[in-house]
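There are 2 protein chains.
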Amino acid sequence: MSKNELTYPGGKLRLYVEAPLAAGTRVVPDEQQSHYLLNVMRARLGDRVSLFNGRDGEWSARVVDKSKRACALACERVVAEQSAVPDVWLCFAPIKRTPADYVVQKATELGVGVLQPVVTRRTIVSRVNLARMRANAIEASEQSGRMSIPDTCAPLTFDELLATWPTERRLIFCDEVGAAPPMAQALVAEREQPFAILTGPEGGFERTERAALHAHPFVVPVSLGPRILRADTAALAALAIWQSVRGDWH
Amino acid sequence: MSKNELTYPGGKLRLYVEAPLAAGTRVVPDEQQSHYLLNVMRARLGDRVSLFNGRDGEWSARVVDKSKRACALACERVVAEQSAVPDVWLCFAPIKRTPADYVVQKATELGVGVLQPVVTRRTIVSRVNLARMRANAIEASEQSGRMSIPDTCAPLTFDELLATWPTERRLIFCDEVGAAPPMAQALVAEREQPFAILTGPEGGFERTERAALHAHPFVVPVSLGPRILRADTAALAALAIWQSVRGDWH
Chain A
911 MSKNELTYPG GKLRLYVEAP LAAGTRVVPD EQQSHYLLNV MRARLGDRVS
961 LFNGRDGEWS ARVVDKSKRA CALACERVVA EQSAVPDVWL CFAPIKRTPA
1011 DYVVQKATEL GVGVLQPVVT RRTIVSRVNL ARMRANAIEA SEQSGRMSIP
1061 DTCAPLTFDE LLATWPTERR LIFCDEVGAA PPMAQALVAE REQPFAILTG
1111 PEGGFERTER AALHAHPFVV PVSLGPRILR ADTAALAALA IWQSVRGDWH
Chain B
911 MSKNELTYPG GKLRLYVEAP LAAGTRVVPD EQQSHYLLNV MRARLGDRVS
961 LFNGRDGEWS ARVVDKSKRA CALACERVVA EQSAVPDVWL CFAPIKRTPA
1011 DYVVQKATEL GVGVLQPVVT RRTIVSRVNL ARMRANAIEA SEQSGRMSIP
1061 DTCAPLTFDE LLATWPTERR LIFCDEVGAA PPMAQALVAE REQPFAILTG
1111 PEGGFERTER AALHAHPFVV PVSLGPRILR ADTAALAALA IWQSVRGDWH
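Line by line, the protein sequences give chains A and B.
Heads up, the first sequence is in the numbering used here, so the first residue is 911 and it goes up one at a time.
Heads up, the second sequence is in the numbering used here, so the first residue is 911 and it goes up one at a time.
Bear in mind the hints are in silico, worked out from the structure with no lab data behind them.
For clarity, every value in this text was computed on a predicted model and none was experimentally measured.
Be careful, since some hints might not be right.
Going by beta-carbon spacing under 7 Å, a handful of chain A positions derived as facing chain B [what the hints assert, rightly or not]:
(1) Gly-1021
(2) Pro-1136
(3) Ala-1147
(4) Asp-1158
Simulated crosslink set (BS3-like; lysine-lysine; CA at most 25 Å straight-line) [unchecked claim]:
(5) Lys-976(A) / Lys-913(A)
(6) Lys-1006(B) / Lys-922(A)
(7) Lys-913(A) / Lys-978(A)
(8) Lys-976(A) / Lys-922(A)
(9) Lys-1006(A) / Lys-1006(B)
(10) Lys-1006(A) / Lys-922(B)
(11) Lys-913(B) / Lys-976(B)
(12) Lys-978(A) / Lys-922(A)
(13) Lys-922(B) / Lys-978(B)
We treat Cβ as the ideally placed atom computed from N, Cα and C, and that holds for glycine.
So here's chain A without its partners, still in its complex pose (with noise of 0.2 Å):
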């Protein structure tokens, strides 16, 4: 790490922010983040810190000036090009509050483009809270080196899931009922792009949903082993062979 720049051990200090970046841009973080930088951090005049929006890379910027609450960055250098995560989604059933924390920020550390929520006949938890998926999703996109961070939607039924969907979009239903294909291997095999990942509540997808996702051509059944996996494990393990076998992990 090079001098004055903030650390914790997970690496060196990245922030999210709205503003635009570029050579002398003056950044004013958000109120929770200047408490973090100055209370948490102890940040101190000159210490760096870096930027990103996810559209003008990342930026080397400086504290410049402090008050008690408030404080203000510039930027100085670019420090790594902008970059984009490859095109995957996950629509996934929402479940309750502390597995959806981990799903949204381990999804994002893997690199998911996309966090759609679905509504499906068998799920329970009824609420989503956007604010907090979002705020999971921007703190998980600064620790994990993330250029961008992940579109967070708001959640769609089932049935408006799939009366909506884009069809050159290949959706990879993981289907814990029936003999469908080792992910992997139905991963390699299938020629179209891009990809979506689809994951279904604790206790399953309902014999309905299975059968309208059967009749769609854009919908790729696959298997995720013999065992009963929990909805976030499912995901979690879905995204991971994505991107080790069609994603930047390859």
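For chain A, the structure is supplied; the task is to place chain B on it using the hints.
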């Protein structure tokens, strides 16, 4: 589900017991299991539950006796033959309590055979609660349909791990630095069996540890992509990929 079968949203109720299982055998669940059966599931005489012990297959058993605080079950018939998970170990640096619970649960669902905590130089967490680890492994085994629970081992230091390593077992080292080949590719190329996966603590392995790993012929360094994964994410992603390339998701 058949009549009188106790279920929860994730499926049928399965209990891990130590006792031998055979037709007619009477099994007395431990205090916690009895509490769960009687007070949470409100089991009644004649209700059925599945039992497994890692040796004798899965048995359908009936509640044949109950008082306020205890009950007895009688094995009726085998509902699944005994089967093993693939032979893969997870060697992981201990992490904080919540992510540690998560790793143990998820790794168990993902079919790990052995859970081996490894204290590396940057490991911050000094104590491993083995009883808690085993309880988490048992619960996840019950819920995932596994026929056996993973071995939960006492921690070893990094040096002890390497000094006592069974050299015929490949140690897949998830290396976040350097230019190791992608994990799926490295696993396909690897001829030897069996395998173990090694993941580091927050902040990764130290330089000297990485050098020690690279010096051993049984170590296979691999990459898990361009983003920084948390310790728990790396462990689960690596296990999922292993299952899909060399395990029983293949």
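Next on the checklist: Checking each numbered hint in turn, tell me which of them this model violates, lowest number first.
Outcome noted: Hints that this structure does not satisfy do not exist here, as all of them hold.
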